[in-house]
Structure formats: C-alpha cells, structure tokens
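Colleague: Based on the provided sequences and hints, a complete structural model is requested.
Given next are the chains, with one letter for each unit.
2 protein chains.
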Amino acid sequence: MPSHILQRRENESTAARIALSAATTRGAHLRTEDFGDWLAERRRTHTFRVERIPFAELDGWSFQASTGNLVHRSGRFFTVEGLHVTEDGEPYGDGPRADWYQPIIKQPEVGVLGILVKEFDGVLHFLMQAKMEPGNPNLLQLSPTVQATRSNYTKAHRGADVKYIEYFVGPGRGRIVADVLQSEHGSWFYRKSNRNMVVEAVGEVPLLDDFCWLTLGQINELLHRDHVINMDSRTVLSCLPFGDASHGALLSDTELLSWVTGERTRHSVRAERVPLDSVPGWKRGESAIEHEEGRYFRVVAVSVQAGNREVTGWTQPLFEPVGPGVTAFLTRDFDGVPHVLVHARVEGGFLDTVELGPTVQYTPENYAHLPAEERPLFLDTVLRAGPDRIRYAAVHSEEGGRFLNADSRCLVVEADAADAPLQAPPGYAWVTPAQLTSLVRHGHYLNVQARTMLACLNAAAVGNR
Amino acid sequence: MPSHILQRRENESTAARIALSAATTRGAHLRTEDFGDWLAERRRTHTFRVERIPFAELDGWSFQASTGNLVHRSGRFFTVEGLHVTEDGEPYGDGPRADWYQPIIKQPEVGVLGILVKEFDGVLHFLMQAKMEPGNPNLLQLSPTVQATRSNYTKAHRGADVKYIEYFVGPGRGRIVADVLQSEHGSWFYRKSNRNMVVEAVGEVPLLDDFCWLTLGQINELLHRDHVINMDSRTVLSCLPFGDASHGALLSDTELLSWVTGERTRHSVRAERVPLDSVPGWKRGESAIEHEEGRYFRVVAVSVQAGNREVTGWTQPLFEPVGPGVTAFLTRDFDGVPHVLVHARVEGGFLDTVELGPTVQYTPENYAHLPAEERPLFLDTVLRAGPDRIRYAAVHSEEGGRFLNADSRCLVVEADAADAPLQAPPGYAWVTPAQLTSLVRHGHYLNVQARTMLACLNAAAVGNR
Chain A
0 MPSHILQRRE NESTAARIAL SAATTRGAHL RTEDFGDWLA ERRRTHTFRV ERIPFAELDG
60 WSFQASTGNL VHRSGRFFTV EGLHVTEDGE PYGDGPRADW YQPIIKQPEV GVLGILVKEF
120 DGVLHFLMQA KMEPGNPNLL QLSPTVQATR SNYTKAHRGA DVKYIEYFVG PGRGRIVADV
180 LQSEHGSWFY RKSNRNMVVE AVGEVPLLDD FCWLTLGQIN ELLHRDHVIN MDSRTVLSCL
240 PFGDASHGAL LSDTELLSWV TGERTRHSVR AERVPLDSVP GWKRGESAIE HEEGRYFRVV
300 AVSVQAGNRE VTGWTQPLFE PVGPGVTAFL TRDFDGVPHV LVHARVEGGF LDTVELGPTV
360 QYTPENYAHL PAEERPLFLD TVLRAGPDRI RYAAVHSEEG GRFLNADSRC LVVEADAADA
420 PLQAPPGYAW VTPAQLTSLV RHGHYLNVQA RTMLACLNAA AVGNR
Chain B
0 MPSHILQRRE NESTAARIAL SAATTRGAHL RTEDFGDWLA ERRRTHTFRV ERIPFAELDG
60 WSFQASTGNL VHRSGRFFTV EGLHVTEDGE PYGDGPRADW YQPIIKQPEV GVLGILVKEF
120 DGVLHFLMQA KMEPGNPNLL QLSPTVQATR SNYTKAHRGA DVKYIEYFVG PGRGRIVADV
180 LQSEHGSWFY RKSNRNMVVE AVGEVPLLDD FCWLTLGQIN ELLHRDHVIN MDSRTVLSCL
240 PFGDASHGAL LSDTELLSWV TGERTRHSVR AERVPLDSVP GWKRGESAIE HEEGRYFRVV
300 AVSVQAGNRE VTGWTQPLFE PVGPGVTAFL TRDFDGVPHV LVHARVEGGF LDTVELGPTV
360 QYTPENYAHL PAEERPLFLD TVLRAGPDRI RYAAVHSEEG GRFLNADSRC LVVEADAADA
420 PLQAPPGYAW VTPAQLTSLV RHGHYLNVQA RTMLACLNAA AVGNR
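Chains A and B, in that order, are what the protein sequence lines are.
Take 0 as the starting number for the first sequence in numbering that gives the first Met the number 0 and just add one per residue.
Take 0 as the starting number for the second sequence in numbering that gives the first Met the number 0 and just add one per residue.
Possibly wrong hints are sitting among the right ones.
Partial pick of chain A residues on the chain B-facing surface, computed with a CB cut under 7 Å [unchecked claim]:
| id | residue |
| --- | --- |
| 1 | VAL179 |
| 2 | ARG263 |
| 3 | HIS441 |
Here are a few chain B residues that sit away from chain A, every Cβ distance over 10 Å (derived from the structure) [to be verified]:
| id | residue |
| --- | --- |
| 4 | GLU292 |
| 5 | LEU369 |
| 6 | PRO375 |
Keep in mind that the hints were calculated from the coordinates and are not lab data.
These numbers come from a predicted model, not from an experiment.
For every residue, glycine included, the Cβ atom is placed at its ideal position computed from N, Cα and C.
Modeller: What follows is the structure in structure tokens.
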C-alpha cells in the first residue's frame with residue numbers, strides 16, 4: 000500500500016492565498032484604472048441591439064395549445080409555465096397561510112458557472128469574461144470564465160465550443176477550490192440550480208479575446224461600481240472559501256443549523272406546476288403576460304441583433320420586474336464582531352421550502368399601496384437610511400439571460416438596537432459573515448440574493464481595511 | 000450593549016461528553032444485563048397482535064376511484080400513489096438512461112425524531128422508549144424519546160399527548176445538540192424527511208413507563224444485537240456530533256463536496272407522481288399490490304389489535320420487501336486511517352437527485368436472476384465475506400410503522416485492494432467516518448441506510464477499543 004497518500008481535510012493555505020489576492024489591487028495583467036477602457040473596447044467589438052417584440056414575432060417560441068405554456072419548438076432552453084403555491088397554517092405549519100398562482104421559468108438543466116484562477120507573481124488572479132446578456136441595461140458585464148449548460152458543453156446541440164470548459168469538467172481539469180450546486184431566483188425559477196465552481200489552473204492558460212485576469216482585490220473594487228460584475232460572477236465569488244477570522248457569534252453553528260431546520264419545518268409549502276393559461280390574476284396580451292394589478296413582473300419578448308455579422312441574432316422571452324429591487328443586509332457589531340440579519344424566506348421555486356435571504360429583498364413598488372404597518376419588516380429602515388449608515392451601495396443586475404432590467408440596489412446598512420434588536424424577530428437571525436461562508440459550501444442555504452450580498456460584504460470588508 | 004454575549008461557534012466539550020458516554024457501558028439507571036428483562040416486561044404489558052388482512056377490511060382506507068391511490072378518508076397519515084422516474088442519458092446526464100414506475104408512499108408532513116439526553120453521575124444518558132410498531136418482526140423495539148408528526152404534537156387531531164415533546168419544541172425546550180432534516184427511504188417514500196434532534200434537558204426529567212435512560216456505550220452494545228434499536232433511533236444517533244479524531248483523508252473535504260456535486264450534476268433525474276392505477280408492471284390483488292415478476296416489494300394491509308383494552312386497535316397499509324436486505328460498508332485503512340466506500344445513489348423519492356448510501360444496499364433476491372457480471376457492484380464481495388473479514392454484523396429493521404418485515408443485515412466488511420481498489424469506480428468514493436459525521440450535520444447527504452451504517456460504525460469503533 001502506498002504511504003502518505005492522505006491529505007489534510009482542510010487546506011488552510013487556500014484561504015491565505017484568497018486573502019492575499021483580495022489585498023492586491025494591482026493586477027499583473029490589467030490595471031483597474033484601465034479596466035473601463037478595456038470593457039469599452041469589448042463593447043465596440045460586440046455591438047448588439049435588443050428590442051422588445053410582440054410574442055408573435057418570436058422565432059421558434061410559441062404558446063402550447065393545450066397548456067398556454069411558452070415553449071421552444073426544439074424542447075430546449077426553458078419553458079414559461081404556471082405555478083400554484085400553497086402554504087399551510089396549523090396544524091401542518093404555522094403559516095402564514097397563503098395561496099397564489101404565478102408564471103415561472105422551468106429550466107431543469109444544471110449549468111456550470113465557473114471561474115478559473117491562476118497565480119501570477121505569486122497572487123491568484125481570476126479569469127473573467129466580458130459577456131453580452133440581452134436583459135442587462137448595459138448589455139456587457141463581467142461574467143465567470145464559463146457560463147454553460149451541460150448540453151452546451153457536451154456539444155450535442157451543435158452550439159459553439161464553450162471556451163475553457165476543459166478546466167472545469169473531465170479528467171484534465173484543475174484543482175478544485177469550490178464546487179457547489181446553488182439555487183437561482185426562487186420567485187422566478189422552478190427549482191433551478193447551477194454548479195458554482197472555482198478551479199485553479201495547472202499549467203499555462205491561453206488568454207482569449209473578451210477575457211481578462213483580475214485579482215480579487217480588483218474585482219472587489221469593481222463590485223463597488225454599478226452593473227459591472229454580473230450575477231453569475233457574484234454567486235461564484237460568494238462561494239470562495241474565505242478564512243474564518245472570528246470564532247465567535249451570537250448563535251453557535253449548531254444553534255444556527257437548528258434555527259434553519261426549525262424554519263424549514265414550520266413552513267409547510269407545496270408548489271405544483273400548472274398550465275400557464277390556468278393561472279388566475281394574470282393576463283396575456285400581444286407583448287406581455289402581466290399581473291392584473293400591474294405588480295411583480297411581466298413576461299415579455301425581445302429580439303437580439305448583432306452588429307457583428309459573424310454572430311447571428313435570436314429572439315427569446317424574458318421576465319421583467321415592474322420596478323427596481325432593493326436588496327440589503329442590516330448589520331450590527333456584537334462584542335466587536337459584525338453580524339448581519341438573515342431572513343428565512345419561502346419562495347415558490349425553492350427545492351427545499353426555505354432558504355436564507357438578505358434582511359430585505361423586495362421590489363418596493365409592489366408594497367407602495369400598503370399602509371406602513373403592513374409593509375415588509377425592515378424595508379422602510381433600509382429605504383430611509385442616511386448616507387452615514389450605508390456601508391456599501393451599488394446597483395447590480397440579475398441574470399441578464401433571463402431577466403430584463405432586473406436591477407437591484409444592493410446595500411449594507413448599519414443598524415442600531417432601535418432598528419433591529421439583538422433578539423431577532425421570528426424568521427430572522429443574526430449571523431456572522433464567516434458563518435455564511437460556512438453555509439455556502441453547501442447548497443440550498445443561501446438564496447441568490449444573499450449570495451450577491453455575501454460577495455458585496457466581502458468586497459466591502461476589504462475596502463474598509 | 001451587553002458584552003460577552005458571543006459564543007464559540009463550535010462547542011468542543013459536547014464531543015468530549017459524547018465520547019465519555021460512549022466509553023461508559025454501565026448506566027446509572029438500568030444495567031445492560033438487565034435490559035432484556037426490562038424489554039420483556041414492557042412486551043408483556045403491551046401485547047399486540049398484528050394480522051394480515053385483505054384491503055377490503057381496511058377501516059377508513061380505500062382506493063380512490065379516480066386514481067386508484069390508497070388513501071385514508073380523513074386525508075391524514077399518508078397515501079400510496081404511483082411514481083414515474085426517468086433518468087436522462089446524454090447530453091443532459093450520463094445516465095444510466097432509465098425509466099420505471101413504482102408505488103410510493105407520500106407523507107408530506109415532517110415529523111420529529113428526538114432523543115433527550117441528560118447527565119447522571121457526570122455521564123450523558125439517552126432517554127429511549129420501548130415502542131410497538133406493527134411492521135417490526137418482534138413488534139417492540141427501542142425508539143427515540145419522541146417520534147411524532149407536527150399534527151400529532153400540536154394535538155389538532157385529538158391524538159394522545161406526545162410525551163416529552165415540550166423538551167423539543169417551544170420556548171422551554173432544552174439545549175440543542177443536533178437538529179437536522181434528514182431524508183427517509185428514497186425508494187419507498189416520495190420526498191419524505193424527518194427532523195432528527197438530540198436535545199439536552201435542563202433540570203429534572205420525570206421517568207415515565209416504557210422509557211429508560213441508557214449511556215451511549217450501552218446503546219452501542221445493544222446495536223450489536225438484532226432488532227433492538229429501531230431505525231428512528233439509529234438515524235438520530237448517526238447525527239451525534241462525534242469529535243473528529245483524525246484530520247487526514249484520501250479526499251479533502253473540498254474534493255468530497257465537489258465529488259457529491261458532480262454526482263448530482265451528472266444524474267439528470269425526473270420523478271413525477273402518477274395515479275397508482277396507471278403504474279405498469281404492478282398488479283393489484285385482494286390482499287397485495289405486487290410487481291408482476293414478484294420483485295422489489297408488496298403493498299399489503301394489516302390489522303393491529305391490542306391485548307390491553309385501554310388502547311384501541313387500528314388497520315393500515317404497509318410496504319413489505321420481497322426478501323431481506325443487505326446493507327454494508329466495505330472498509331479499508333489508508334495510512335492507518337479507516338475509510339468506508341460510499342455509493343452515490345439515485346432513488347426516485349429523493350428531493351435532490353442523489354444521496355450517499357453504503358457500499359451495498361440491495362435486496363439480493365431482486366438480482367438473483369442476473370448473471371454475475373450484471374449483479375450490483377460489490378454485492379458478491381459482501382455476500383461472500385468470511386467471518387474473519389466482518390467487523391460488524393447485526394440485523395436491523397426499517398421503520399416498522401410503514402414497513403413490514405423489512406429486515407436488513409448490516410455489515411462492515413474489511414476489504415483489500417483486490418476487492419475494492421484505492422481508485423474507487425465511478426459513483427463511489429472512499430471517505431472517513433469523521434467526514435460522514437461532518438456531512439450528516441446537513442440534510443440530503445447521507446441516505447437513511449448510510450445513517451444506520453454510520454451509527455453501527457460508531458458502535459463498532461467503541462467496541463474495538
């Protein structure tokens with residue numbers, strides 16, 4: 000038997016190397032002050048025009064006669080269907096008893112969101128891609144190295160080759176830094192998850208057009224700008240194994256896991272797919288499926304046309320929220336250790352009932368008609384926070400391949416005992432960023448908005464040092 | 000702001016106290032040599048008779064006209080429905096491409112399986128209950144302190160009070176040692192999970208009839224006997240936070256989590272509930288629903304009659320496997336550290352595609368008709384292992400409230416390189432028991448058979464010291 004074949008279960012040096020990259024704001028490849036020019040150059044190379052079109056002008060997409068579901072004739076990509084969500088009251092759950100219908104995107108295939116990392120001058124750099132997505136307000140943002148579904152990268156569907164995919168799958172791939180299935184938007188997707196990967200390259204890596212190497216410190220600076228780091232990048236970055244600097248927390252890890260278990264148990268939720276044309280409260284017009292009172296989101300269609308003749312255009316449906324969102328963590332220091340207030344959220348599309356979201360995750364327009372006492376907890380605290388309380392702020396886009404103009408103002412807001420007491424209300428808990436980093440190694444704990452906010456927290460923490 | 004309100008994230012003293020209890024084989028309350036008499040006395044107090052009956056004699060249960068599903072008129076308990084499971088081949092998954100129908104139990108309500116612990120003479124003791132379940136071959140076995148659904152313990156359905164439930168739910172409950180939602184049998188249940196809890200009592204605890212305090216060392220001795228520690232006890236025991244004595248492993252934790260993610264990604268599985276009377280390959284008779292070739296399991300009905308007039312009888316359906324099962328871990332030492340070979344299993348009822356099972360988990364009769372090369376991997380290695388290779392063996396029952404005569408021979412079998420190479424075949428991985436203990440803090444990693452085997456491994460490890 001060979002000897003010394005064991006490894007340590009935890010590789011502490013990875014955390015140290017990530018910390019060094021986060022502390023390095025001068026990259027070996029591209030200076031941050033030159034990044035804007037580089038992205039503008041990429042934007043000139045890829046001119047795209049995205050236009051709203053009526054559903055009738057969608058190519059290959061149609062409403063299925065028997066269900067009203069919006070489907071592609073190939074059976075690929077995704078479908079827009081209906082969802083019926085019910086939440087029980089006593090004795091099966093403690094509610095709130097709820098019952099609603101909504102359109103939902105069903106895309107069962109798991110994709111890879113992967114960032115390749117490699118040391119230059121002894122510092123880890125991250126390979127990021129300037130990528131166009133039709134729903135982004137500025138179209139081109141920084142995506143992970145790879146963003147691909149399995150049928151994409153196994154090439155069975157005659158797609159273009161997926162660049163760098165060989166570093167993430169197959170026998171010759173690199174050293175795994177993180178690899179976890181994470182949920183996507185539970186209010187818009189039915190049980191969708193993607194494989195979030197960070198892989199360290201072994202050996203030389205060619206640098207292709209549209210790609211650039213950045214340190215984590217540079218990426219964190221860019222995370223302070225609006226609409227630069229796309230959602231897929233943010234969720235992958237949130238999965239980085241940051242070192243745990245503080246071992247103290249209000250709740251022990253056992254208590255935190257128990258609280259999550261309790262939240263999952265007390266909510267008894269059923270979600271059943273139904274035909275889209277049987278969804279009450281929503282109406283289908285020529286160019287949009289929308290809620291009768293104009294709330295939540297619309298299903299719309301766009302055409303994408305490329306200025307570059309080498310790339311052909313396409314048409315597709317997108318979900319468009321009715322207004323900008325606000326996504327925020329309230330934060331407080333306890334015994335000098337920063338904590339954030341997480342919210343155990345039920346979203347109809349979650350696989351496992353409840354995931355942890357930020358303190359606030361709302362489209363304020365959906366609640367503007369309500370009296371103050373019926374508005375979501377902590378929303379007004381966040382909306383009213385003065386600049387002296389704001390520790391982080393930037394506007395980010397949700398996944399631009401599925402969502403149109405889905406902008407969220409992402410905030411970290413310092414709270415005091417009057418805003419948010421030590422004893423969190425039911426459904427909320429104070430946790431440390433280190434505890435979030437432990438949870439995000441596993442799927443179905445942090446929703447995609449909480450993962451965006453964790454990436455922003457990590458970016459803000461470095462900025463404050 | 001109050002100071003010193005933080006806790007350490009991990010409480011190392013709990014692991015030490017569990018180790019002390021495991022090392023203590025003399026209990027403060029009941030000696031192990033007297034345990035058999037105590038259980039026999041309980042058995043005399045509760046005489047039950049369980050008889051097979053035709054479906055027509057079920058009271059309150061009937062086959063729904065529109066679906067053929069077996070349901071209770073109250074809408075409570077559980078239903079027997081049909082399940083259609085498909086697994087894709089390329090490009091969505093790498094298979095095996097599969098497509099089958101089967102009956103399945105749907106019981107959406109989450110139950111509590113909870114063991115109360117308390118120190119006597121400085122040693123943790125576990126409060127176990129002698130409980131009758133109609134499917135157990137010997138009827139009475141040791142269950143956790145509490146085994147109850149939410150609608151049971153919220154008493155909304157006029158059930159008898161659930162003893163000791165106040166230690167597990169509500170504001171006055173004890174200190175949480177473990178609390179995690181775990182899956183049940185994915186081949187027999189549709190997405191069923193139970194809350195596995197270990198809670199330390201604060202203050203005095205009355206000792207009621209049918210209950211006894213045992214040290215973990217005593218329980219581990221009883222785990223070496225056949226049909227004593229019931230399935231619910233075994234799964235809760237597997238969730239105990241044992242200390243991690245060894246920090247080395249063949250795979251780092253990051254690699255292990257990545258392997259699980261990869262297994263979940265490469266299997267593209269859909270499971271849809273269908274009407275029971277539309278399930279091909281299964282036939283319904285007067286007294287059983289069975290597979291046309293006599294494989295897998297039967298759905299049958301029983302009546303339970305109590306000798307004690309204070310308790311009324313009842314009737315219910317049960318699932319009965321066609322033969323005894325074999326559940327086994329192959330084990331090898333690498334660099335002196337014991338590892339076991341886990342198998343990433345697809346079971347139709349899993350919430351999240353794949354969970355880790357033991358090396359072998361089969362009803363050998365289902366495969367007896369196959370030539371050797373088509374029989375499940377490692378099954379023959381386990382069946383042929385001589386006594387010198389067997390590190391643990393006992394026959395245990397699966398959940399006797401749902402399964403009739405569902406016996407599994409549970410084995411830990413020492414393997415060599417010829418049996419099981421260092422480089423595990425696809426779908427298998429070598430992991431340490433300490434890594435399993437880390438995984439089982441979270442749901443959906445270890446299936447119920449792997450959790451039984453982890454409890455047995457921990458029992459065997461103490462026995463060998």
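Colleague: The structure should be examined with respect to each hint, and the outcome stated for every one.
Modeller: Outcome of the hint check:
no.: 1; hint: VAL179; verdict: holds (6 Å)
no.: 2; hint: ARG263; verdict: holds (6 Å)
no.: 3; hint: HIS441; verdict: holds (5 Å)
no.: 4; hint: GLU292; verdict: holds (32 Å)
no.: 5; hint: LEU369; verdict: holds (31 Å)
no.: 6; hint: PRO375; verdict: holds (25 Å)
In terms of the numbered hints stated before, the structure departs from none.
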